[in-house]
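S.K.: If you read the protein sequences in the order shown, they are chains A and B.
All residue numbers for the first sequence refer to numbering that gives the first Met the number 0, where the first residue is 0 and numbers rise by one.
All residue numbers for the second sequence refer to numbering that gives the first Met the number 0, where the first residue is 0 and numbers rise by one.
Because the hints were derived from the structure by calculation, they are not lab data.
Given the structure is predicted, the values throughout are model-derived calculations rather than measurements.
Wrong hints could be hidden among the right ones.
[What the hints assert, rightly or not] Ranges of calculated distance between the beta carbons of each label pair, as one might list FRET restraints: (1) A/Ser130 with B/Glu99: 48 to 58 angstroms; (2) A/Met76 with B/Met139: 40 to 50 angstroms; (3) B/Met76 with A/Lys25: 44 to 54 angstroms; (4) A/Gly143 with B/Glu99: 19 to 29 angstroms; (5) A/Glu39 with B/Gly123: 47 to 57 angstroms; (6) A/Ser117 with B/Glu173: 15 to 25 angstroms; (7) A/Glu39 with B/Arg177: 37 to 47 angstroms; (8) B/Arg118 with A/Arg122: 53 to 63 angstroms; (9) A/Arg124 with B/Arg177: 27 to 37 angstroms; (10) B/Ser181 with A/Lys25: 44 to 54 angstroms; (11) A/Asp35 with B/Arg118: 52 to 62 angstroms.
[To be verified] If the Cβ cut is set under 8 angstroms, some of the chain B residues that face chain A in the computed set are: (12) Leu26; (13) Ala27; (14) Ile150.
Where a beta carbon is used, it is the ideal one built from N, C-alpha and C, also for glycine.
Below are the chains, spelled out letter by letter.
Protein chains: 2
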Amino acid sequence: MSKRVLICVTGMPGSGKSVVSRALGKLAKRVVSMGDAVREEARRRGLPTDLRTMMELAQRLREERGPAAVAKLVLEMLEDEGTYVIDGVRSLHEIDVFREFGNVIIVAVHASPRTRFSRLSTRGRRDDPKSWEEFVARDMKELGFGIGGVIALADVMVVNEDKSPEEVANEALEAVRRVLSSARCESGGRGQADRGSGEGA
Amino acid sequence: MSKRVLICVTGMPGSGKSVVSRALGKLAKRVVSMGDAVREEARRRGLPTDLRTMMELAQRLREERGPAAVAKLVLEMLEDEGTYVIDGVRSLHEIDVFREFGNVIIVAVHASPRTRFSRLSTRGRRDDPKSWEEFVARDMKELGFGIGGVIALADVMVVNEDKSPEEVANEALEAVRRVLSSARCESGGRGQADRGSGEGA
Chain A
0 MSKRVLICVT
10 GMPGSGKSVV
20 SRALGKLAKR
30 VVSMGDAVRE
40 EARRRGLPTD
50 LRTMMELAQR
60 LREERGPAAV
70 AKLVLEMLED
80 EGTYVIDGVR
90 SLHEIDVFRE
100 FGNVIIVAVH
110 ASPRTRFSRL
120 STRGRRDDPK
130 SWEEFVARDM
140 KELGFGIGGV
150 IALADVMVVN
160 EDKSPEEVAN
170 EALEAVRRVL
180 SSARCESGGR
190 GQADRGSGEG
200 A
Chain B
0 MSKRVLICVT
10 GMPGSGKSVV
20 SRALGKLAKR
30 VVSMGDAVRE
40 EARRRGLPTD
50 LRTMMELAQR
60 LREERGPAAV
70 AKLVLEMLED
80 EGTYVIDGVR
90 SLHEIDVFRE
100 FGNVIIVAVH
110 ASPRTRFSRL
120 STRGRRDDPK
130 SWEEFVARDM
140 KELGFGIGGV
150 IALADVMVVN
160 EDKSPEEVAN
170 EALEAVRRVL
180 SSARCESGGR
190 GQADRGSGEG
200 A
C-alpha cells in the first residue's frame with residue numbers, strides 16, 4: 000500500500016457520519032472533516048461559519064477551483080504518511096483527487112430518509128431542517144454535488160437504522176479493519192484500497 | 000395507503016438486485032423489471048435485445064420522451080391496484096413518476112465494487128464486463144443515469160457482501176415487511192411509503 004491511507008466517510012445528512020468517523024479515528028492519525036477545511040477557508044476570508052455560508056463557500060470554491068476544491072484544501076492539512084479519516088466526502092471528483100495521494104477506502108453510512116429526518120429535526124443544531132421540505136431541499140443539494148455516486152461505490156456500507164451509536168461504531172470499525180487487512184495481505188500490498196485507481200482488482 | 004404499492008429495487012451491476020427482487024416478489028402481485036419494459040420496446044422496434052442495444056435504446060427513449068421514459072413504459076404494464084416489485088430503477092426522475100401512481104418504497108442492494116466485479120466476471124453472462132476498465136465504465140454509465148441518488152434515498156438498504164442469497168433474500172423480505180406494516184399502522188395509512196411525496200413524514 001502507498002504511504003497514505005485515506006478512509007473517506009460519506010453519507011446523507013443525519014445518517015450518522017460523525018459517529019462513524021469518530022470511531023474510525025481509532026485506526027487513524029487524525030480525523031479531518033471536509034467541513035473543517037471549508038471553515039478554515041471561511042475564516043481566512045473573514046466570513047461567518049454558519050451552515051448556509053459554508054455551503055455557499057464550498058460551492059463557490061468548486062466553481063473557482065474545480066469540483067475537487069475542498070478535497071485539495073483537505074490534502075494541505077495532511078502529512079505525507081499515515082492513515083487519515085476524511086469525514087464528509089461529497090463527490091467522485093473528490094475521491095479522484097484523494098486517490099492520487101493515497102489508498103482510498105470509501106465508507107458510506109446509510110439511514111432511510113424518514114430516520115434521518117427524525118434525527119435531524121430532534122437534534123436541534125441551529126442549521127438543521129425545520130420541515131420536511133427543507134430536509135428534502137438539503138438532500139437534493141447534497142445529491143447535486145454527486146454524493147450519490149460516492150455512496151453507490153462504497154467499499155463499506157454501514158446501515159445505521161435501528162442501532163445504537165456503539166453498535167454502529169463497532170460495525171464500522173470491524174468492517175474497515177477487514178478491508179485494511181485484506182488489502183495488506185494481497186500480493187505486493189495491492190488490494191481493495193487500491194482497486195479504485197482503475198488498475199484492476 | 001393508495002391502491003398501488005411500488006417496491007422499487009435499485010443497485011449497481013452485480014449487487015444482487017435480482018435475488019432481492021425475486022424474494023420481494025412474495026409480497027407482490029408481480030415483479031416487473033425496467034429491463035423487461037425496454038426489451039418489449041426493442042421488440043416493437045425490431046431491435047436485438049443484447050445489453051448494449053438495450054442500454055442505447057433506454058438512453059434514446061430518455062432523450063425522446065424525457066428521463067422517466069422507461070418508468071412510464073413500466074406503468075403501462077401494471078394494473079390499477081396491488082403491490083408490485085419494480086426491478087432496476089435507475090433515477091429519481093423514475094421514482095417521481097412512480098410516486099404519482101402509487102406509494103413507493105425504495106430498496107437498494109449494495110455490494111462493494113470489488114465484490115461486484117468479482118461476481119460479474121465469474122457469472123459469465125455474455126454482456127458482463129471482461130475487465131476492470133469495462134466494469135468501471137459500466138458503473139459510470141449507471142451513475143450517469145442518476146442511480147446514486149436513488150441508492151442514497153433508499154428506505155431499505157440491503158448489504159449483500161458476505162451473505163448467501165438466502166440470507167440476503169430473507170433480510171430484504173423482513174425489512175420491507177417492517178416498512179409496509181409501519182406504513183399501514185400510521186394515521187390514516189400515511190406512512191413511510193408516502194413520505195417521499197414531499198408531504199411531511
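S.K.: Indicate, hint by hint, whether the structure satisfies it.
M.R.: Quick rundown of the hints versus the structure:
1. A/Ser130 with B/Glu99: 48 to 58 angstroms: Violated, since serine 130 of chain A and glutamate 99 of chain B (Cβ atoms, about 22 angstroms apart) do not stay within the stated range.
2. A/Met76 with B/Met139: 40 to 50 angstroms: 29 angstroms, violated
3. B/Met76 with A/Lys25: 44 to 54 angstroms: 51 angstroms, holds
4. A/Gly143 with B/Glu99: 19 to 29 angstroms: Given range 19 to 29 angstroms: holds, Cβ gap about 23 angstroms.
5. A/Glu39 with B/Gly123: 47 to 57 angstroms: The hint (47 to 57 angstroms, Cβ to Cβ) holds, given that glutamate 39 of chain A and glycine 123 of chain B are roughly 51 angstroms apart.
6. A/Ser117 with B/Glu173: 15 to 25 angstroms: This hint holds: roughly 21 angstroms between Cβ atoms.
7. A/Glu39 with B/Arg177: 37 to 47 angstroms: Roughly 43 angstroms apart at Cβ, these two residues keep to the hinted range, so it holds.
8. B/Arg118 with A/Arg122: 53 to 63 angstroms: 38 angstroms Cβ-Cβ, so the 53 to 63 angstroms window is violated.
9. A/Arg124 with B/Arg177: 27 to 37 angstroms: This hint holds: roughly 29 angstroms between Cβ atoms.
10. B/Ser181 with A/Lys25: 44 to 54 angstroms: The hint (44 to 54 angstroms, Cβ to Cβ) is violated, given that serine 181 of chain B and lysine 25 of chain A are roughly 35 angstroms apart.
11. A/Asp35 with B/Arg118: 52 to 62 angstroms: Between aspartate 35 of chain A and arginine 118 of chain B, where Cβ atoms are some 38 angstroms apart, the hint is violated.
12. Leu26: Check failed: Cβ of leucine 26 of chain B comes no nearer than 18 angstroms to chain A, outside 8 angstroms.
13. Ala27: 20 angstroms, violated
14. Ile150: 5 angstroms, holds
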